[in-house]
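A.B. asks: Sequence:
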Amino acid sequence: MSQERYPKEVVLKDGTEIILRTVCDDDLENLVQFYKDTQLSFRWFLKEDPCDPEVVRKWLDNQKAGKSFSIVATCQEMIVGNAAMLMRPYGGRKHVGRLRTMVAHDFTNKQLGTWMVFDLTKRAMEMGLEKIRADFVVGVEDVAIRAFRNMDFVEEGLLRNYIRDENGTYHDYKIMIKQLHRVWSDF
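Using the numbering used here, the first residue of the sequence shown is number 60, and each one after it goes up by one.
Hints listed in this document are in silico derivations from the structure and should not be mistaken for laboratory results.
Misleading hints may appear alongside valid ones.
To be verified - Computed Cβ-Cβ distance ranges for the label pairs, DEER-style: (1) Lys153 to Lys72: 32 to 38 angstroms; (2) Glu214 to Val70: 27 to 33 angstroms; (3) Asp224 to Glu185: 17 to 23 angstroms.
Keep in mind that this is a model prediction, so the values were computed, not measured.
The C-beta atom is built at its ideal place from N, Cα and C for all residues, glycine as well.
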C-alpha cells in the first residue's frame, strides 16, 4: 500500500503518454480549473461543486485524513483526469469504497478512465476493501456504464427517475458494485 508506486506512466490506446500520480496540495488550482473545463452535464451529478476551491480543499484534506485516496492523470503537466476512492472510517460500510472518476472530454474513449479505475481497484485491494461502488446516471453516462460492466462491475440497484439534470429532466440512477479479492489471480 505504498506511495512509491507513483508517479507511473500509462499509454492510452491512441499512443498518448499519461502520468498517474497522487493528488497533492499544489494541485488545488489546477484541479478546480480541470473541473471548470469539464462539461456541466457531467459535473452536475457530483455531490459537491468542484469548481469551488473550498470543495477541492476539503477533498485534499480528506485524503490527508485517510478518508479518500485520489489520483490525477496528467498529460504534459496538465490535469486530464481525476479519480478517487472514497472510504468510510467507521461503521457498516467501512468495507466498501466509493469510486468517483472524471476524464477530460478530449481524453474520453481512449481508456484513461479504465487505467484510473484499474489503479484504484488495486489500491482498494491493498487497503483491504471488499467492494467498490460506482454510481451512474442512465442516459448520460452510458459509455462509462458499459466500461464498468466490462471491468466486472455488476448492477445492484436502479433508482427510477431519481436524479434530475441541469434542465430538470429526470434520469434513472444506476448503482454498480465490484466484488474485490485479496490478490489478483493468475491465469
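A.B. asks: Compare the structure with each hint and give your call.
C.D. replies: Structure-based check of each hint:
1. Lys153 to Lys72: 32 to 38 angstroms: 36 angstroms, holds
2. Glu214 to Val70: 27 to 33 angstroms: 31 angstroms, holds
3. Asp224 to Glu185: 17 to 23 angstroms: 36 angstroms, violated
Consistency note: the structure conflicts with earlier hint 3 alone.
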